[in-house]
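Number of protein chains: 2
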Amino acid sequence: MNMDLVSEMLELGRRAKTAARELARLPSERKNAGLLAMADALASHHDAILAANALDVEAASAAGLSVAMIDRLWLDEKRLAGMAEGIRAVAALDDPVGQTLRQWTRPNGLRFNKVRVPIGVVGIIYESRPNVTSDAAVLCTKTGNAAILRGGSESLRSNVAIANALRDGAARSGLPADCILLIPHADREAVRLLAEMDRYVDLIVPRGGTALIETVVRHARMPVIKHYHGVCILYVDRAADLEMAERILLNAKCQRPGVCNAVETLLVHREVAGAFLPRAAEILRAAGVELHGDETVRQILGDGVVPATEEDWTTEWLDLKLAVRVVDGLADAINHVETYGSHHSDAIVTADEASAERFLNEVDSATVYWNASTRFTDGGEFGFGAEIGISTDKLHARGPMALEELTTYKYVIRGTGQVRE
Amino acid sequence: MNMDLVSEMLELGRRAKTAARELARLPSERKNAGLLAMADALASHHDAILAANALDVEAASAAGLSVAMIDRLWLDEKRLAGMAEGIRAVAALDDPVGQTLRQWTRPNGLRFNKVRVPIGVVGIIYESRPNVTSDAAVLCTKTGNAAILRGGSESLRSNVAIANALRDGAARSGLPADCILLIPHADREAVRLLAEMDRYVDLIVPRGGTALIETVVRHARMPVIKHYHGVCILYVDRAADLEMAERILLNAKCQRPGVCNAVETLLVHREVAGAFLPRAAEILRAAGVELHGDETVRQILGDGVVPATEEDWTTEWLDLKLAVRVVDGLADAINHVETYGSHHSDAIVTADEASAERFLNEVDSATVYWNASTRFTDGGEFGFGAEIGISTDKLHARGPMALEELTTYKYVIRGTGQVRE
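The listed protein sequences derive, respectively, from chains A and B. Every position in the first sequence, counted from 1, becomes a number in this note's numbering once 1 is added. Every position in the second sequence, counted from 1, becomes a number in this note's numbering once 1 is added.
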């Protein structure tokens with residue numbers, strides 16, 4: 002074990018816990034002033050951030066990363082201004098902390114208040130673009146939580162520069178700078194240590210690939226809210242408006258195939274398979290989608306359909322590929338979703354309300370849709386104003402995770418000397 | 002690894018998952034009819050349960066367990082009737098499943114419904130009395146969850162007999178018998194396996210001692226809601242009504258010292274220590290309480306006070322013992338609570354509203370009290386009708402965990418063909 006790293010991580014934990022206690026006491030106005038100062042600091046640290054980013058981009062080019070990857074990494078004036086605008090938008094949102102969730106009085110006169118409070122210290126692990134450093138940090142500050150961030154190795158220099166700017170903005174406005182801490186190490190050992198620090202870290206949110214999530218799940222001693230994969234399924238029922246089904250399918254599969262709420266499997270009721278599949282295949286192929294079909298699908302569509310394997314039904318393609326199966330009816334469709342799906346976002350297209358309601362009731366997913374695209378699973382589309390991501394877990398946060406999900410509650414009980422009989 | 006046990010546990014998991022899917026679809030009336038049938042089955046299985054219990058009691062006597070332990074284990078007509086009554090009371094409660102938590106419509110016409118749904122399969126691990134088998138199982142059935150139970154080794158025969166009765170009642174009323182499954186093994190290996198079965202188990206609730214909780218936390222891959230210890234703290238402020246403080250202290254320490262919401266540490270403001278400590282010590286000593294005090298406490302109270310060690314401030318005595326410290330003021334008291342407390346239930350006694358509000362705001366515990374005994378931290382006293390226990394965790398369930406906390410939510414979204422722009 003690397004004892005220097007251990008003591009460095011423990012020190013980060015202690016500093017975060019101290020900052021969280023201070024932050025939890027501050028009124029919304031103070032936190033919002035801090036957020037605006039952070040947005041300003043991104044501008045005043047402009048040169049340092051872009052210089053650090055240039056080094057990351059240079060290293061990524063030298064390492065032969067793809068153009069798409071480098072584009073994700075790249076920061077410029079416009080993107081930096083976008084990050085600052087994002088912070089100002091979060092400052093303008095309502096603060097859930099302090100809200101009364103329920104209040105009641107017992108016959109003995111005790112007055113109960115269930116109130117929203119910050120969670121404390123939130124560890125966020127991500128692999129994507131440097132703007133996540135800012136987005137994730139400010140959502141935590143807004144809700145009175147200290148954040149310990151750990152971004153991807155390829156954007157480490159950019160992340161450090163962005164975190165420095167945010168910390169500077171926080172300190173200038175009188176917030177504890179340690180409300181935002183970034184782990185300046187790229188190795189996985191730091192993730193394992195963070196996951197074991199339940200004395201200091203109240204929640205850990207991993208967003209990323211299978212190996213990262215597995216490391217966190219295996220080691221975590223505190224609650225974990227995974228942002229994992231979406232094997233989203235669209236079921237076209239016997240009673241579907243086929244023109245509507247076509248539009249929803251095209252949107253759910255092709256509008257942005259690389260995201261977790263894109264559809265990966267299409268189920269079609271046997272009675273409309275002959276009518277629906279050829280027209281669906283035509284528009285999908287025109288959009289460049291490769292189809293993996295079961296035997297019936299291949300009989301209907303002929304050549305050009307890859308035979309679907311068992312593994313295809315659980316595959317998150319994140320690509321212009323689609324697994325297609327013909328089912329015998331609603332029960333068969335629900336069974337498929339429950340057996341192979343990832344319980345992220347699943348949809349039925351049908352004009353039959355009874356079938357729709359049964360699907361909505363029996364499919365145990367974070368979000369279930371009737372006659373709409375799965376692509377709406379998103380904090381912004383839900384009207385939440387911002388999101389930390391899409392939780393694929395079942396407890397505390399399920400589906401889009403926004404400001405409310407970054408809080409918990411406590412019971413405040415006011416009495417006049419009551420004792421228990 | 003014991004492969005027979007592994008395959009047996011996996012089979013339990015599969016059966017529970019299947020039962021959970023079936024149970025989740027049933028309306029409240031069907032679940033309540035099942036609960037009433039379970040209550041009746043406790044009566045019809047009366048002889049088998051009492052015979053199994055007699056064997057447990059005999060083995061416990063032979064093993065030299067204390068009279069108190071044997072009394073906890075013991076079942077008779079009256080206690081069995083009490084268990085059945087408890088089930089009927091749960092049947093009469095409102096079912097949280099299906100409740101709409103929030104609904105809204107977006108500008109694009111999508112209608113959102115956030116609804117309560119069962120969690121799925123809940124693993125409950127406990128070490129206490131055999132009636133917990135029935136109490137925990139029926140709260141899960143009520144909320145549409147399948148339960149996998151694992152009780153203490155000394156009550157294994159009784160637990161098996163009770164679970165058999167409940168399963169029989171469930172089956173007779175048409176519920177899946179596998180909605181209640183009991184692990185018929187006393188070894189810790191079964192707990193470890195259960196904690197690793199995140200494919201089948203959605204939540205694990207350990208109620209018990211440090212070693213048991215540690216096993217679960219170390220191995221769990223799914224959310225854990227610990228029912229751990231309570232180092233509850235009472236702070237008597239400068240502005241306290243000392244007569245009220247005395248009554249609350251006596252109640253919180255002595256009414257039932259062996260439970261998690263009993264007070265373990267007393268903090269007294271320096272300015273009232275001379276007036277309060279002698280009278281408090283007198284009534285506590287009359288009740289048989291041993292005091293562990295800091296230097297100031299010992300100066301005031303003289304002989305007979307055990308010098309408090311650093312460890313005493315984090316000790317859950319569960320006994321007629323109390324750690325006592327004099328503090329310099331409110332900030333010092335809050336600091337002590339945040340440093341040494343277990344964030345379970347903490348109380349301030351004061352007539353000064355500003356001090357009370359600051360304590361209620363800054364103490365980050367599941368339940369915080371002003372002028373009332375910590376003994377009220379209990380599902381029944383909160384008015385929840387029933388409880389699975391007191392969560393010492395911060396997320397999903399904090400404090401008394403009742404029916405609502407045995408549910409989660411999903412988003413049901415109804416559209417008319419909407420696609421994302």
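These aren't lab readings, by the way, just hints derived from the structure by calculation. Hints may contain errors.
No copy labels: a pair is met if it fits in one copy or bridges any two.
Said to hold, decoys possible - Capping the alpha-carbon separation at 30 Å, the derived lysine-lysine pairs in DSSO-like fashion look like this: (1) Lys115 with Lys227; (2) Lys322 with Lys79; (3) Lys18 with Lys115; (4) Lys227 with Lys18; (5) Lys227 with Lys322.
Hints that the structure is at odds with (numbers, increasing): 2
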